[in-house]
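Student: Construct all of the structure, not just a fragment, from the sequences and the given hints.
The lines below spell out each chain.
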Amino acid sequence: MSPLTLAEGEELDGFRIGRRVHTGGMAALWEASHPNYDFPILVKIPRLAEGEDPAAIVSFEMEQMILPRLSGPHVPRFVAAGGFDRRPYLAMERIPGPSLLPLVQNVPLPIAEVVAIGARVADALEALHRQHVVHLDVKPSNILTRPTGEAVLVDFGLSHHAQLPDLMEEEFRLPYGTAPYMAPEQVMGRRSDPRSDLFALGTLLYFFITRERPHGDPQTMSGLKRRLWRDPHPPKRFRRDCPDWLQEVILRCLEVQPERRHPTAAQLAYDLRHPEGVVLTARARKTKQDGWSKTIQRRFHPDHQPRFDRAPKAAEYAALAPIVAVAVDVTERDTAVHSALRETVGRILATLPGARLACLNVLRQNRIALDSTLDESGRNKHLQRLVELRHWALPLGLPEGRVTFHVLEAVNPAAAILEHARKNAVDHIVIGARARSLRRRMLGSVSSEVAAEAPCSVTVVRSRSTVAVGEAA
Amino acid sequence: MRIAIFSDIHANREAFEACLEDSARRGAERIVLLGDLVGYGADPAWVVWRAMELASQGAIVIKGNHDEAAVTNRGGMNPDAAAAVEWTRHALDAEAKAFLKALPLEVEEEDRLFVHADPADPAKWNYILDAEDARRGLDGTHARVVLCGHVHVPALYGLTAAAKLVSFRPVAEVPIPLLRPRRWLAVLGAVGQPRDGDPAAAYSMLDEAANEITLLRVPYDAVTTAEKVRAAGLPPSLATRLLRGR
Chain R
127 MSPLTLAEGE ELDGFRIGRR VHTGGMAALW EASHPNYDFP ILVKIPRLAE GEDPAAIVSF
187 EMEQMILPRL SGPHVPRFVA AGGFDRRPYL AMERIPGPSL LPLVQNVPLP IAEVVAIGAR
247 VADALEALHR QHVVHLDVKP SNILTRPTGE AVLVDFGLSH HAQLPDLMEE EFRLPYGTAP
307 YMAPEQVMGR RSDPRSDLFA LGTLLYFFIT RERPHGDPQT MSGLKRRLWR DPHPPKRFRR
367 DCPDWLQEVI LRCLEVQPER RHPTAAQLAY DLRHPEGVVL TARARKTKQD GWSKTIQRRF
427 HPDHQPRFDR APKAAEYAAL APIVAVAVDV TERDTAVHSA LRETVGRILA TLPGARLACL
487 NVLRQNRIAL DSTLDESGRN KHLQRLVELR HWALPLGLPE GRVTFHVLEA VNPAAAILEH
547 ARKNAVDHIV IGARARSLRR RMLGSVSSEV AAEAPCSVTV VRSRSTVAVG EAA
Chain D
156 MRIAIFSDIH ANREAFEACL EDSARRGAER IVLLGDLVGY GADPAWVVWR AMELASQGAI
216 VIKGNHDEAA VTNRGGMNPD AAAAVEWTRH ALDAEAKAFL KALPLEVEEE DRLFVHADPA
276 DPAKWNYILD AEDARRGLDG THARVVLCGH VHVPALYGLT AAAKLVSFRP VAEVPIPLLR
336 PRRWLAVLGA VGQPRDGDPA AAYSMLDEAA NEITLLRVPY DAVTTAEKVR AAGLPPSLAT
396 RLLRGR
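Chain order of the listed sequences is R and D. According to the working numbering, the first sequence is numbered sequentially starting from 127. According to the working numbering, the second sequence is numbered sequentially starting from 156.
Calculated from the structure, these hints are not laboratory results. Misleading hints may appear alongside valid ones.
A few chain R positions that, by computed beta-carbon distances, are all more than 12 angstroms from chain D [claimed, not checked]:
1. 188
2. 195
3. 468
Straight-line distance between alpha carbons at most 20 angstroms, and here's what the computed EDC-like set of lysine to aspartate or glutamate pairs gives [claimed, not checked]:
4. D:319 x R:296
5. D:319 x R:292
6. D:319 x R:211
7. D:319 x R:295
8. R:412 x R:338
Coverage of chain D stretches by chain R, computed from C-beta distances (three or more under 8 angstroms per stretch; other residues unrestricted) [what the hints assert, rightly or not]:
9. 305-315
10. 325-338
Glycine included, C-beta positions come from ideal geometry on N, C-alpha and C.
Tutor: Shown next, in the form of structure tokens:
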């Protein structure tokens with residue numbers, strides 16, 4: 127038997143081979159089990175027969191390099207690999223359940239469902255980008271879902287790892303990818319920009335809500351390049367009930383220049399989870415494509431053709447464009463703490479032009495009774511807090527796109543802040559230390575709990591005079 | 156087996172000691188010195204003595220152009236290097252010179268070739284500076300993995316059966332798989348005189364079982380080393396470049 131095929135019941139390095147589950151252009155997938163592993167396993171065998179695409183070999187090599195270096199819930203766990211010197215295979219955790227591919231049968235899908243999918247996939251992309259990898263083949267069939275809900279990205283055969291040699295790039299002059307989902311810069315052969323994955327996700331969201339692919343499914347190089355100068359129909363043309371904010375987000379993902387897309391997948395996920403914070407631009411209300419004069423200019427005028435500069439490496443993005451959350455206790459009457467907090471936040475934002483700020487305030491709920499959302503004077507507490515938060519942030523002079531405001535209703539303020547940070551991939555929490563020590567003693571210190579438990583950096587801000595007063599008390 | 160490979164030590168005792176210590180901590184089981192033990196630095200006698208000691212414990216030691224120059228009359232060096240060679244000659248005793256003179260130009264072990272400069276013709280001391288040099292170098296040998304130095308700037312080149320070549324600048328601490336059946340040529344960074352802008356000493360760890368190579372950087376007391384270079388009366392530029400890594 128050829129070393130490159132398998133049969134059910136065969137054994138390979140201790141793996142008992144089961145059913146063949148998939149045969150793709152570059153590889154075949156088999157179910158497998160191994161006495162040392164208590165989870166289901168998938169064995170991938172590259173297609174290397176005569177006449178097969180030579181990219182199959184290189185993409186298998188890439189995946190063999192990249193997969194063992196990835197971890198976390200958003201990728202399948204690496205189990206083992208065999209190289210070309212013996213018998214090439216890749217064994218990994220098998221994620222049960224279907225990919226997003228079957229959903230394609232039912233498009234267009236409900237808006238809320240598509241938004242939820244988008245946010246989950248963006249989380250997975252963020253996790254991947256932080257591990258220095260750009261996927262470069264994000265599409266429904268490469269996205270699985272864990273029983274616990276996390277999106278799982280599979281197939282790293284076309285991926286780029288910023289810290290490893292890019293074998294695909296050296297080997298092939300033609301771009302590799304999946305035609306409808308390929309970002310313009312990827313079409314032009316640039317493989318190192320994480321924002322290429324945001325373009326692909328934008329394409330997926332567009333397709334899921336409209337049943338149309340923004341740039342069709344071209345089969346030629348010139349057809350692929352069309353996306354560099356021809357803008358897609360706005361989603362609203364096909365889906366009247368597409369909200370302005372969602373069209374804004376999708377068209378931003380589909381921008382030709384990566385710099386005009388969301389700087390990170392985390393920021394895209396943030397937008398998808400907080401529609402109210404999305405700043406609407408001309409994109410939001412577009413009802414038709416750009417006119418021909420603009421299009422022709424983009425296509426033929428050298429000054430209007432897109433240029434793709436060197437992109438920062440995958441993991442550098444998070445550092446350049448972090449999500450900073452500031453927890454503001456607007457009920458705190460000590461203005462010194464407020465201004466110290468604002469100063470600290472201002473300094474952080476000044477050094478990071480891509481950063482965005484989430485201003486958080488926790489509206490404490492009663493443990494026992496259900497709180498009335500109206501206070502004595504009849505004003506809505508929640509709204510009032512929002513107004514106060516905005517007032518606090520006003521001196522920072524931030525443009526709308528860089529700041530969002532959130533009033534979290536919770537029994538435990540620290541837990542609410544921590545949950546927000548975890549859910550939204552916040553990179554840095556800035557929080558003030560409570561001034562009056564008596565109150566701190568009774569309620570516990572929110573800042574110390576946040577600092578101890580946070581998944582990211584935490585800056586605790588105090589104003590000097592406050593400390594002196596507090597300690598004297 | 157983990158093989159720690161040190162190239163271009165250049166009589167820099169502080170850097171060499173720091174790297175040896177680091178490699179021991181990381182579980183190195185074998186040591187290879189890839190040439191240019193001496194030249195430029197102020198501690199040639201100590202470095203050669205240490206190399207002899209390591210060789211007696213089984214280390215592979217390769218000859219570099221500076222090692223050759225210290226024991227034979229040979230031109231073709233820039234003025235600073237030539238001045239350092241002259242100084243080095245006086246600093247070495249007969250035993251050290253005999254050791255340097257007897258060093259091999261290359262050693263092949265399993266599928267690996269250790270050599271100081273261009274593997275295609277080691278005695279010519281040509282530099283591997285780009286993909287074309289690397290291709291020629293790999294064409295001139297049959298080893299699957301070639302490890303050389305001489306350039307003082309780390310780089311990695313891979314060659315497929317289809318003669319396509321990848322070039323890559325390795326990132327410190329990130330293991331790079333030397334995939335089979337590709338052939339690879341690794342240019343190691345310098346222990347004793349880095350020139351890639353990072354003054355930290357560079358060496359590499361080859362993990363035989365995992366088939367991976369990792370570039371490692373070790374900060375060392377370069378101020379002391381530079382001080383010694385100056386005190387020895389060597390050209391001052393040889394001292395300052397250690398602090399800048401250029």
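Student: Which numbered hints are broken by the structure, listed smallest first?
Tutor: 1, 2
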